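Sequence lines, in order, name chains L, B and H.
Heads up, the first sequence is in the numbering used here, so the first residue is 1 and it goes up one at a time.
Heads up, the second sequence is in the numbering used here, so the first residue is 1 and it goes up one at a time.
Heads up, the third sequence is in the numbering used here, so the first residue is 1 and it goes up one at a time.
Please note that a few of the clues may not be correct.
[What the hints assert, rightly or not] Straight-line C-alpha distance at most 25 Å; calculated SDA-like pairs for lysine to any residue: (1) B:Lys82 / L:Glu58; (2) L:Lys91 / L:Glu58; (3) L:Lys36 / B:Lys82; (4) H:Lys81 / H:Gln69; (5) B:Lys82 / H:Gln61.
No lab work stands behind these hints: they were computed from the structure.
Given the structure is predicted, the values throughout are model-derived calculations rather than measurements.
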Amino acid sequence: MADPVGLIGGAGPLGPGPRLTPAQKPGDLRGGPSFKDVLMENLNQVNKLSDDATRAIEDLQTGKRDDVEGVILATQKADNAFRMLQAVRNKVVQAYEEVKQMR
Amino acid sequence: MLIDQVTNAGAMPSLEMTMRFAAQRQNLIAHNIANIETPDFRPLDASPRGFQKMLSEAVDARRSSTGGAHGRLNWRETAELKRAPDGGLSLRPTTSSRNILFHDRNNRDLERLMQDLAENTQVFRTASELMRTQVNQLQRAISERV
Amino acid sequence: MYGSLDISVSGMIAQRTRAAVIANNLANTDTILNAAGEYDPYLRREIMFAPGDPAAADPSQRALGVHIQAIEANPDALRAKYDPTNPFADAGGYVQVPDIDPLTEQVNMLAATRAYEANVAAAEATKTILAQSLRLLA
């Protein structure tokens, strides 16, 4: 797991977006997903994982499932996903603050 | 896609499978130990070799499709290894038929059972500790300033 | 979570009960009167195990573990002992006494002890796995 968040070389989703070739004009790349769409999709995923973890914990308490390890793994996934989203949010807010300062 | 990479990063999917297999197999081993003096008893077991073979195929498939650093593990169900409602592993044990039969038609070897018990516990602990290191590494990567 | 040790504990209970049955047999190797003082030689008790645990808390777990199916008196566990002076001797001078061999009973006792210890080890291993799972949250 050398590069879980794809920071090196822009390999992952945090890398630079599609580049313009010399023949293209600005605006030609509008066909791809917008930042907002990407963000909403990831938010939904985090919500789903969080719901899964909540349900898993509740099922453990009520006796509907008895595998402690499965519940802990689900909790862990939700936790990691949430941390990731939180880190992205912090970066976005930080970038916004910087831009705001450029008066 | 971003979150997917985080939840299925590195060796975490395969470690999760191993943890769930070992934890469920522990119950089978305990059951066999509880019945070592029961006549006509046939031990229940789920084959670790079978599990490792299935896992190996899934890991190879993941490695060839995404390079192995991330991606969901697509594993195939077998006679013993079924999919649970939450997508994880659920064991359906079959009756083991190895070992000689004793006069009361119970084919048990206490030594093998205790070996299975110790090894299975160790497998779980190993997978769990490795999972911990993977999670810590992931969390450090997330929280560090880019 | 409740019931995770049911399997091993059922094994422990089964073996401990078996040990009690064996101890009872050993204590009664010479018993030929019953509680009312009548001639009723003690019959060796034998314990029958069967897989599964009907007493398990969770119905889905009842197929695992072990339980005591029966504790039966063996009606053939009597032997004739020549003792003409005994008030209960028959016409030929023989008395029916319990046919209990201390060596057999002690070997069985050893097996029960060994099985009990194996179940204790299994319970400890289950506890280790549960504790180990929790370390992931630390």
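I'd like to know which numbered hints this structure contradicts. Please list them from smallest to largest.
Checked against the structure, the hints that fail are numbers 2, 3, 4, while the rest are satisfied.
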